[in-house]
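Q: For the protein sequence lines, the chains are A and B, in the order given.
Here the first sequence is numbered in full-length UniProt numbering, starting from 1 and rising by one per residue.
Here the second sequence is numbered in full-length UniProt numbering, starting from 1 and rising by one per residue.
It is possible that some hints are incorrect.
[Unchecked claim] Quick list of in silico lysine-lysine cross-link-like pairs, DSS-like style, CA-CA up to 27 Å: (1) B/Lys47 / A/Lys60; (2) B/Lys126 / A/Lys209; (3) B/Lys131 / A/Lys27.
If you are wondering where the hints come from, they were derived from the structure by calculation, not from laboratory data.
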Amino acid sequence: MKALASVVTALLLMSTIDVKAQEDLTKMLEENEPKTTDYTTATFKGTRIINGHSVETVKKNHLDFIIHHRFDRLNSGAYNLFGLDYSTIRLGFEYGLTDNVTIGFGRSSVQKTFDFLAKAKLLRQSTGTRNMPFSVTAFASTVIETLDKDLSTQDKTSYCTQLLIARKFSERLSLQLNPTFLYRNRVATAAQERALFALGFGGRMKLNKRLSLNAEYYWAFREKDLENALGDPYGNSLAIGVDIETGGHVFQLHFTNSSGMVEKQFIGDTSGSWGKGDIRWGFNVSRTFSFDKRAKGMMK
Amino acid sequence: MKTIIIILSISFASLGYLNAQNLYSTSNGETSFFSETPVENIAAVNKFGQAILNTSTNDIVVQMNMKQFDFPNKLMQEHFNENYIESAKYPKAVFKGKINEKIDFTKNGTYDISATGDFNLHGVSKPRTFKGKITVAQGSIGLTTDFEVALTEHNIEVPKVVFMKIAQTIQVKNKYSLAPYVSKK
Numbered sequence: 001m002k003a004l005a006s007v008v009t010a011l012l013l014m015s016t017i018d019v020k021a022q023e024d025l026t027k028m029l030e031e032n033e034p035k036t037t038d039y040t041t042a043t044f045k046g047t048r049i050i051n052g053h054s055v056e057t058v059k060k061n062h063l064d065f066i067i068h069h070r071f072d073r074l075n076s077g078a079y080n081l082f083g084l085d086y087s088t089i090r091l092g093f094e095y096g097l098t099d100n101v102t103i104g105f106g107r108s109s110v111q112k113t114f115d116f117l118a119k120a121k122l123l124r125q126s127t128g129t130r131n132m133p134f135s136v137t138a139f140a141s142t143v144i145e146t147l148d149k150d151l152s153t154q155d156k157t158s159y160c161t162q163l164l165i166a167r168k169f170s171e172r173l174s175l176q177l178n179p180t181f182l183y184r185n186r187v188a189t190a191a192q193e194r195a196l197f198a199l200g201f202g203g204r205m206k207l208n209k210r211l212s213l214n215a216e217y218y219w220a221f222r223e224k225d226l227e228n229a230l231g232d233p234y235g236n237s238l239a240i241g242v243d244i245e246t247g248g249h250v251f252q253l254h255f256t257n258s259s260g261m262v263e264k265q266f267i268g269d270t271s272g273s274w275g276k277g278d279i280r281w282g283f284n285v286s287r288t289f290s291f292d293k294r295a296k297g298m299m300k
Numbered sequence: 001m002k003t004i005i006i007i008l009s010i011s012f013a014s015l016g017y018l019n020a021q022n023l024y025s026t027s028n029g030e031t032s033f034f035s036e037t038p039v040e041n042i043a044a045v046n047k048f049g050q051a052i053l054n055t056s057t058n059d060i061v062v063q064m065n066m067k068q069f070d071f072p073n074k075l076m077q078e079h080f081n082e083n084y085i086e087s088a089k090y091p092k093a094v095f096k097g098k099i100n101e102k103i104d105f106t107k108n109g110t111y112d113i114s115a116t117g118d119f120n121l122h123g124v125s126k127p128r129t130f131k132g133k134i135t136v137a138q139g140s141i142g143l144t145t146d147f148e149v150a151l152t153e154h155n156i157e158v159p160k161v162v163f164m165k166i167a168q169t170i171q172v173k174n175k176y177s178l179a180p181y182v183s184k185k
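Work out the full structure: start from the sequences and follow the hints.
A: Listed below in structure tokens is the structure:
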């Protein structure tokens, strides 16, 4: 009797093994799955949130060509087609030495400016074997404004360093904090400090797969010198816009009170005020080219 | 009575033993895909495909992490994960099926096979039969299969307004080499 029971149990066991075979195999696979670190990707769509840099870098052996364009102030009236008659432009080339290190240079029409930049990812937001709640990227740039020919190169030069700290909270929401230090060898007015600290805030909210709403604000800690009647004529930079992604390109359309497109200019020298309607329409267009030689081999 | 119990326990023990012997697996199978477009070709490879085969029951499971697809063009990789495959929501592609042919896995040789089962991609399961080849060599089982994936079958949306046109079917190639299963638990 006992024997019979054992046989029945054995048969039952064997049949369940058969039915559950694929499930068991899946379990075995999962148990043997190598543990990996899952890095957060696409915290922002482009290397810029709007004016300022995002934590994103250009990937290894990729070249990003970026065109920044800002029109004149909306309140310049119908005669100037609300600013569209005049525009300023920056052309930039940025190259990924590795996935985490980018170098680049650019030339802006504002103050006939050359800028050289370097970006390095220090920490990457991740889950899995390595848990990291934030991404942190270091940014540094040297800017030379060549408009005034009488100045020495040293006087034309300024420097900016930033720590970009971002978190992708969900597929839709990413926020970034940018402590910034700006140093100008020469300042335009007596009220301006050569060294300027600022704190930037930026973020994006994805509206759908290809469209996101972006905003950015740089709060500069200016010395308010009460004895100086003129005061510092510059204010904080605020920008609001959308990112549209179309496959190979990223289009960023926005409104901003800044005309400059490098940190030295939009953090240091923004003179427009949103309240008075000194708002400029502008856009960034970015196109990335891959110079990864593996591509050809993989086609076969 | 005792003898029956002993026989049963021996057969159970051997069953377990046989089971372990009949399992073959890998966690570095290669899956690649290719899609020709008028502007730019799309290619990617995943070198961390996982597969497990029970040679006594012919059951087979293949799965891979979609985020581990490596594209030479990283922008494409980002689009693939974010916009097409939505790998945050649907991290894995899985095939669970059975090999239809009876194969003598103890004999070295190459066999044409087909496997029927459920193929899950982008959260959508489809019954599929994949054709392929099995190569049995000393101690390992090679598995190759080429097939097509129709994007619409798996609700993978290709928006109409993209600068880069994407083919509606994607050619997928798999090259897996399975070794006797060793539990790492």
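Q: Just pull the numbers of the violated hints for me, sorted ascending.
A: The structure conflicts with no hint, since it agrees with every one listed earlier.
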